[in-house]
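Enquirer: Sequence:
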Amino acid sequence: MGKNEGVQMLIGCNFIRSMQGGLRIEGQNITFYKNITTIATTTDAEVIQAAIPELDMTGLEYIEVREAVAYHQEQKSQQFKEKFRPLLNRLKEQGFIGENPLKHWSKNQVTFSLDIINPDLQIQDKPLKHVTPQMKEQFEKHTKALLQLGVIRPSKRRHRTMAIMVNSGTTIDPVTGKEIKGKERMVFNYRSLNDNTHKDQYSLPGINTILKKVGHSKIYSKFDLKSGFHQVAMAPESIEWTAFVMPGGLYEWLVMPFGLKNAPAIFQRKMD
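Numbering of the sequence shown is given in full-length UniProt numbering, commencing with residue 1 and proceeding in unit increments.
These are computed hints drawn from the structure, not numbers from a lab.
None of the values given here were measured: they were computed from a predicted structure.
Mixed in with the good hints there might be a few duds.
Result set (SDA-like, lysine to any residue): computed pairs, CA atoms no more than 20 Å apart in a straight line [what the hints assert, rightly or not]:
{"no.": "1", "residue 1": "261", "residue 2": "110"}
{"no.": "2", "residue 1": "126", "residue 2": "192"}
{"no.": "3", "residue 1": "126", "residue 2": "248"}
{"no.": "4", "residue 1": "144", "residue 2": "133"}
{"no.": "5", "residue 1": "181", "residue 2": "139"}
{"no.": "6", "residue 1": "199", "residue 2": "118"}
{"no.": "7", "residue 1": "270", "residue 2": "225"}
{"no.": "8", "residue 1": "213", "residue 2": "200"}
{"no.": "9", "residue 1": "136", "residue 2": "146"}
{"no.": "10", "residue 1": "222", "residue 2": "183"}
{"no.": "11", "residue 1": "141", "residue 2": "270"}
{"no.": "12", "residue 1": "181", "residue 2": "213"}
{"no.": "13", "residue 1": "226", "residue 2": "111"}
{"no.": "14", "residue 1": "141", "residue 2": "268"}
{"no.": "15", "residue 1": "226", "residue 2": "132"}
{"no.": "16", "residue 1": "156", "residue 2": "127"}
{"no.": "17", "residue 1": "199", "residue 2": "148"}
{"no.": "18", "residue 1": "226", "residue 2": "94"}
{"no.": "19", "residue 1": "261", "residue 2": "194"}
{"no.": "20", "residue 1": "199", "residue 2": "116"}
{"no.": "21", "residue 1": "107", "residue 2": "233"}
{"no.": "22", "residue 1": "270", "residue 2": "106"}
{"no.": "23", "residue 1": "129", "residue 2": "212"}
{"no.": "24", "residue 1": "261", "residue 2": "233"}
{"no.": "25", "residue 1": "144", "residue 2": "258"}
{"no.": "26", "residue 1": "226", "residue 2": "192"}
{"no.": "27", "residue 1": "183", "residue 2": "146"}
{"no.": "28", "residue 1": "212", "residue 2": "222"}
{"no.": "29", "residue 1": "141", "residue 2": "250"}
{"no.": "30", "residue 1": "126", "residue 2": "222"}
{"no.": "31", "residue 1": "129", "residue 2": "143"}
{"no.": "32", "residue 1": "181", "residue 2": "194"}
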């Protein structure tokens, strides 16, 4: 945007966040403002309205149950670990708890095969231009971990998708105004591959469908799959399409990576 002829400004998110405020656009005027007071709001009303028909509970009852469950989980976590430590150790020995995502893959043998629109298309993402020593170290750390797990391998394919490092959950310290980086992740820009892939029409269940199934239950339990997508193996003919470039090398996925258009549908089919 230009303040006047010959003066151009490009305002980024970091600049706006540093003010702990934002900007407001009114016609041709742009106003920057600093945040003085923040009042936190919630979407409890919407959640309660969606949940009550299926749960057959009043809004107050729903809130009380939710708070009781949260308190119970927080208080009982350590007690549970101590009480069931022998069981947890046996599950680790059997591979049900651990880092190897394909430990029990042979029991279901679910694979992910890409339904490619144009098999002659070649994906040629440009590698990152500016890589700092810190970024290079981050890439190497994540790549080494994935190689040790056996979920990726060096590649010599004709395709390459760009890998980038991001920090999820990045926030701004309200006192110092400094950026607090969240969890470090390596992600992949599979946009070109997704555009060249037919959509899998298998649908995920909606929240109301789930609530109808569990709304009148008395006992609730859950299993959290660590890197659930990585528990699905890539079909051999599709591996070459997953190749990604990072500072220092070209690699390809042996398991289903995050970021592919049909990955949620494939995983939901596996779960169902």
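Enquirer: With reference to the structure, classify each hint as holding or not holding.
Expert: Evaluated hints:
1. 261 / 110: Roughly 17 Å between the alpha carbons, so the hint for residue 261 and residue 110 holds.
2. 126 / 192: Roughly 12 Å between the alpha carbons, so the hint for residue 126 and residue 192 holds.
3. 126 / 248: OK: residue 126 and residue 248 at ~14 Å, within 20 Å.
4. 144 / 133: 16 Å, holds
5. 181 / 139: 16 Å, holds
6. 199 / 118: 14 Å, holds
7. 270 / 225: Holds - the C-alpha atoms of residue 225 and residue 270 are around 12 Å apart, at most 20 Å.
8. 213 / 200: 25 Å, violated
9. 136 / 146: 16 Å, holds
10. 222 / 183: The given pair, whose Cα atoms are some 24 Å apart, is violated under the 20 Å limit.
11. 141 / 270: Since the Cα atoms of residue 141 and residue 270 sit roughly 30 Å apart, the hinted pair is violated (cutoff 20 Å).
12. 181 / 213: 38 Å, violated
13. 226 / 111: 18 Å, holds
14. 141 / 268: Violated: residue 141 and residue 268 sit about 30 Å apart, past 20 Å.
15. 226 / 132: 30 Å, violated
16. 156 / 127: Status holds; Cα separation ~15 Å.
17. 199 / 148: Distance of about 32 Å is beyond 20 Å: violated.
18. 226 / 94: Holds. Residue 226 to residue 94 sits at ~15 Å (cutoff 20 Å).
19. 261 / 194: It holds: about 6 Å lies between the C-alpha atoms, which stays within 20 Å.
20. 199 / 116: 10 Å, holds
21. 107 / 233: 12 Å, holds
22. 270 / 106: The hint holds at about 13 Å.
23. 129 / 212: 51 Å, violated
24. 261 / 233: 16 Å, holds
25. 144 / 258: Satisfied, since the Cα-Cα distance of roughly 18 Å is no more than 20 Å.
26. 226 / 192: Distance of about 27 Å is beyond 20 Å: violated.
27. 183 / 146: 17 Å, holds
28. 212 / 222: 17 Å, holds
29. 141 / 250: The hint holds at about 15 Å.
30. 126 / 222: Roughly 42 Å between the alpha carbons, so the hint for residue 126 and residue 222 is violated.
31. 129 / 143: This hinted pair holds, its Cα atoms lying about 19 Å apart.
32. 181 / 194: Between residue 181 and residue 194 the Cα gap is close to 29 Å, so the pair fails against 20 Å, i.e. violated.
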